[in-house]
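**Q** Next come the chains, spelled out residue by residue.
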Amino acid sequence: AQKITQTQPGMFVQEKEAVTLDCTYDTSDPSYGLFWYKQPSSGEMIFLIYQGSYDQQNATEGRYSLNFQKARKSANLVISASQLGDSAMYFCAMRDVNYGGSQGNLIFGKGTKLSVKP
Amino acid sequence: NAGVMQNPRHLVRRRGQEARLRCSPMKGHSHVYWYRQLPEEGLKFMVYLQKENIIDESGMPKERFSAEFPKEGPSILRIQQVVRGDSAAYFCASSPPFGETQYFGPGTRLLVL
Chain X
10 AQKITQTQPG
20 MFVQEKEAVT
30 LDCTYDTSDP
40 SYGLFWYKQP
50 SSGEMIFLIY
60 QGSYDQQNAT
70 EGRYSLNFQK
80 ARKSANLVIS
90 ASQLGDSAMY
100 FCAMRDVNYG
110 GSQGNLIFGK
120 GTKLSVKP
Chain Z
14 NAGVMQNPRH
24 LVRRRGQEAR
34 LRCSPMKGHS
44 HVYWYRQLPE
54 EGLKFMVYLQ
64 KENIIDESGM
74 PKERFSAEFP
84 KEGPSILRIQ
94 QVVRGDSAAY
104 FCASSPPFGE
114 TQYFGPGTRL
124 LVL
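Just so you know, the sequences run in chain order X and Z.
Residues 10 to 127, numbered by my numbering, are exactly what the first sequence covers, in order.
Residues 14 to 126, numbered by my numbering, are exactly what the second sequence covers, in order.
Worth double-checking, as some hints may not be accurate.
What the hints assert, rightly or not - Each computed DSS-like pair below joins lysine-lysine, with the alpha-carbon atoms no more than 27 Å apart:
1. Z:Lys-75 / X:Lys-119
2. X:Lys-79 / Z:Lys-57
3. X:Lys-119 / Z:Lys-57
Think of the hints as simulated: they come from the structure by calculation, not from any bench.
This structure is a prediction, so every number in the text was calculated from the model and none was measured.
Based on the provided sequences and hints, a complete structural model is requested.
**A** See the structure below:
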C-alpha cells in the first residue's frame, strides 16, 4: 500500500535562512506524483509544488524547491530565505495510483509544523 | 478564474441533524474530491466524483454519508444524523480533465454539538 511519512512534527527556522522539510514515500508503481501543500493557521490548503516520478529535474517554484531522490524514495521540500509568513503546517502528498492516468485521490502525510523565528 | 468555492465556511449542527456541504470546482475542472481533516491530522480521502458519476467512494463511511456532483450545480456532501465524531474540517478539491494537481477550497468546519 502507498504511504507518505513525515517524521518531523515540528521545525524551527530563523528568518531569512533555508529549511528542509522531510518526506519519504512508499509505492510499487513506477508512475506517481508528489505534492506539497501549505496550511496556514487560517486553515486553507495552498498548493506549493509538484514533482512527477519521471521528471528529470527537481521541481522549483519561486522560493520552494523539491529535492527529489527517487532511489531513496524521498521528496523533501526546501524553502529558501524563510519569511515569517511561511509559518504554517506543511503536508506532503502522493497521488493514489488506482485509476491510472493523471487522476486519483491524494494520500497525505501527518504534516510538519514550521515556525519561523524573527 | 475563481478558485474552488465551498460553503458554508462554518456549520454548527446538533446531534441527529443533517449537514449539507457544497463545493463549486474551479472553472473547467471536471473532477471533484472530498477530504476530511480531523484535528491535528492530515487529510483523508473520502470520495472522488465526476459530473453525475461517483468514481470512488472507498473513503466514505458506509452509513449516513453520501455525495453527488450533478450535471448542473455544485457538488454536495451530505451527512445525515450527525454525531460528535463527524466534527472536522471537510475540504473539497478539483482538478482539470487531464491535469494532476488538485486545488483545494477553503474548507467547511463542521461542529456537532
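**Q** For each hint, tell me whether it holds in the structure or not.
**A** Against the structure, the hints:
1. Z:Lys-75 / X:Lys-119: holds, 24 Å
2. X:Lys-79 / Z:Lys-57: Between Lys-79 of chain X and Lys-57 of chain Z the Cα gap is close to 25 Å, so the pair holds against 27 Å.
3. X:Lys-119 / Z:Lys-57: holds, 10 Å
The earlier numbered hints are all upheld by this structure, with none contradicted.
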